[in-house]
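Quick mapping for you: the protein sequence lines, in order, are chains A and B.
In this text, residue positions in the first sequence follow the working numbering: the first is 1, and each later residue adds one.
In this text, residue positions in the second sequence follow the working numbering: the first is 1, and each later residue adds one.
In case anyone wonders, no lab produced these hints; they're calculated from the structure.
Predicted model, so just to flag it, every value in this text is computed and none were measured.
Check before you lean on any hint, since a few could be wrong.
[What the hints assert, rightly or not] Reference listing, derived: stretches of chain A covered by chain B, where coverage requires no fewer than 3 residues with Cβ under 8 Å from a Cβ of chain B: (1) 70 to 76; (2) 110 to 121.
[Said to hold, decoys possible] Which chain A residues stay away from chain B? Per the calculated CB distances, all over 10 Å, these: (3) Asp-30; (4) Lys-79; (5) Leu-135; (6) Asp-136.
Even glycine gets a Cβ: it sits at the ideal position worked out from N, Cα and C.
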Amino acid sequence: MLCDICKSNEASVFLTQIIDGKSQNVNLCDSCSKEYNVTDPTGFALADLLLGLGAGQEIQKGAAGSVCPICGFTQADFKKTGRLGCSACYDVFPEQLTSLLKAVHKGTHHTGKIPARQHQSLLHRDRLKSLQDDLDHAIHDEDYEKAATLRDQIRDLPKEGAHAV
Amino acid sequence: MNISGITGNPGEWVKGDGSNHQIVISSRIRLARNLREMPFPGWAKKAERIGILEQIKKVVDNLPEMKSALSEYLQDLSALDKQILVERHLISREHAAKSTGSAVVVNPAQTLSMMINEEDHLRMQSLRPGLQLRGAYKLLDRVDTTLESQLDFAWHPQLGYLTACPTNVGTGMRASAMVHLPALVLGEQINQVIQAVNKIGLAVRGLYGEGTEAMGNLFQVSNQTTLGEKEEEIIARLTKVIETIIQHEENARISLLDKKPGVLLDQIGRAYGILTNSWSMASKEALNLLSFIRLGTDLRFFPEESRLPVDELFMETQPAHLQKSASRKLSAEERDSLRAEIIRHKLKSLPAPDSVKAKQSPGPSGDKPAPNDE
Ligand SMILES: [Zn+2]
Ligand SMILES: [Zn+2]
Numbered sequence: 001m002l003c004d005i006c007k008s009n010e011a012s013v014f015l016t017q018i019i020d021g022k023s024q025n026v027n028l029c030d031s032c033s034k035e036y037n038v039t040d041p042t043g044f045a046l047a048d049l050l051l052g053l054g055a056g057q058e059i060q061k062g063a064a065g066s067v068c069p070i071c072g073f074t075q076a077d078f079k080k081t082g083r084l085g086c087s088a089c090y091d092v093f094p095e096q097l098t099s100l101l102k103a104v105h106k107g108t109h110h111t112g113k114i115p116a117r118q119h120q121s122l123l124h125r126d127r128l129k130s131l132q133d134d135l136d137h138a139i140h141d142e143d144y145e146k147a148a149t150l151r152d153q154i155r156d157l158p159k160e161g162a163h164a165v
Numbered sequence: 001m002n003i004s005g006i007t008g009n010p011g012e013w014v015k016g017d018g019s020n021h022q023i024v025i026s027s028r029i030r031l032a033r034n035l036r037e038m039p040f041p042g043w044a045k046k047a048e049r050i051g052i053l054e055q056i057k058k059v060v061d062n063l064p065e066m067k068s069a070l071s072e073y074l075q076d077l078s079a080l081d082k083q084i085l086v087e088r089h090l091i092s093r094e095h096a097a098k099s100t101g102s103a104v105v106v107n108p109a110q111t112l113s114m115m116i117n118e119e120d121h122l123r124m125q126s127l128r129p130g131l132q133l134r135g136a137y138k139l140l141d142r143v144d145t146t147l148e149s150q151l152d153f154a155w156h157p158q159l160g161y162l163t164a165c166p167t168n169v170g171t172g173m174r175a176s177a178m179v180h181l182p183a184l185v186l187g188e189q190i191n192q193v194i195q196a197v198n199k200i201g202l203a204v205r206g207l208y209g210e211g212t213e214a215m216g217n218l219f220q221v222s223n224q225t226t227l228g229e230k231e232e233e234i235i236a237r238l239t240k241v242i243e244t245i246i247q248h249e250e251n252a253r254i255s256l257l258d259k260k261p262g263v264l265l266d267q268i269g270r271a272y273g274i275l276t277n278s279w280s281m282a283s284k285e286a287l288n289l290l291s292f293i294r295l296g297t298d299l300r301f302f303p304e305e306s307r308l309p310v311d312e313l314f315m316e317t318q319p320a321h322l323q324k325s326a327s328r329k330l331s332a333e334e335r336d337s338l339r340a341e342i343i344r345h346k347l348k349s350l351p352a353p354d355s356v357k358a359k360q361s362p363g364p365s366g367d368k369p370a371p372n373d374e
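Chain A on its own, in the form it takes in the complex (with noise of 0.2 Å):
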């Protein structure tokens, strides 16, 4: 098996990109599986060569000008490195990283772990909502006294971001 890069050596590197819910193999010889910094499995380097296989051109579809409000970091500095600045930039170019994630990634949402503080803001916000709806439906129905039990819950909750740091 040939390496897709430069097309003279042997592959000894195979990797499946997936784009856009298609997978394509990309077969890589040692030099150029070394230029592209893919040798250690663990070592999360894949980023250079699916962003330089096309993922790529997808950040250069959004308006330029954006520059995340933390850290300074802006839509130039991404292009060049394929990094980003800090994590508050995730939310500072989303449509670009959304078209990104959905091409070399399974799906687009986080089905995993979730970090103990933030899983008690995330229960509080099902809790409140879940509230709320239920207050909504006791004053469409005119049970005033439902609604002022619900309203004392709400009123009761613990108020997020109270937890122990």
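Dock chain B with the ligands against chain A, hints included.
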């Protein structure tokens, strides 16, 4: 613990005997974590990077799992020591290139390592012998849960853990296993296996990759995507695929013993002859020949006691380990001659391959799963 405590001992995962350890050498899980709204290492200014490092290192050093650990700033380690950590798979090549503003913490058993300020603020890794991805994740998950009670990790309700590179968001997890597949290579079935594994979104890499083919018949299988699946789902999928690869390798071994015993005995016998009689040997040749001794041990051409010295040689014959044992910088020629000497010495008591004993044994390995009905 200091660096010589690490370099003087092979990691526990080399000696250990996890499940399926004849074919699966080791299992690794790596998790990436970052502090919320702090610049990632590649974008942070030096002072910011040092501040982040101190904040994380303090917490990592206090982990119960890191009692008596090696904990070093990268600028305090020599190039050779860093290279040894790379050859032990305890840090990445990228991390070895870092200096001020980065650190490494390794537990004494060398089964848990932390890279602070690699591409992400924290990359932690758990390493186990044999096929033990679940066990490796369980330990790392527990460590991560302790850390997150003291560090505010960047996490997003839709995207999960946020990382410097968008290809790692979600679980931030890479799981991989190193597998030894000499019979699939000899039987020329390896490309089929690689293609099948690729089709389901997993990656296969040759080891070290200094040559144009996979050296020592060693391959690493890992997940490629991190978003859209739970950690346990990724690990279950990978484990299942590796179990299938093990069965293919075992079937290939049985078929070689059955149909081409002469070819097999010739390969193993030549490997034995060359390794025990050479005075100069390059690293690639050593790995390829040691692979056949390892196969010969699995097939009982050699006594079981030869397994550990052979596995140790895989590590000890790598360039940085050789230089460390010589305590000085060696030229390529000197390295090759020292490598040959170490191998001759270590294999001195290894008897010549015994084909009669091998034929009497019931199967190619002692811990094989139920045979595949295909
Ligand atoms: Zn190439
Ligand atoms: Zn930012």
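Status of each hint after checking the structure:
Coverage of a stretch by a chain is defined here by at least three residues with a beta carbon nearer than 8 Å to that chain's beta carbons; for the stretch 70 to 76 of chain A and chain B the count is 3, and the condition holds. Beta-carbon proximity to chain B at under 8 Å applies to 9 residues in the stretch 110 to 121 of chain A; the threshold of 3 is reached and the given coverage holds. Once the 10 Å rule is applied to beta carbons, A/Asp-30 is inconsistent with being away from chain B; the minimum gap is 5 Å. Non-interface call for A/Lys-79 relative to chain B: holds, since the shortest CB-CB distance, roughly 13 Å, exceeds 10 Å.
The beta carbon of A/Leu-135 sits about 24 Å from the closest Cβ of chain B, which is more than 10 Å, so the claim that it is off the interface holds. The non-interface label for A/Asp-136 is consistent with chain B: the shortest C-beta to C-beta separation is roughly 23 Å, beyond 10 Å.
The structure fails to meet hint 3 from the earlier list, while all remaining hints are met.
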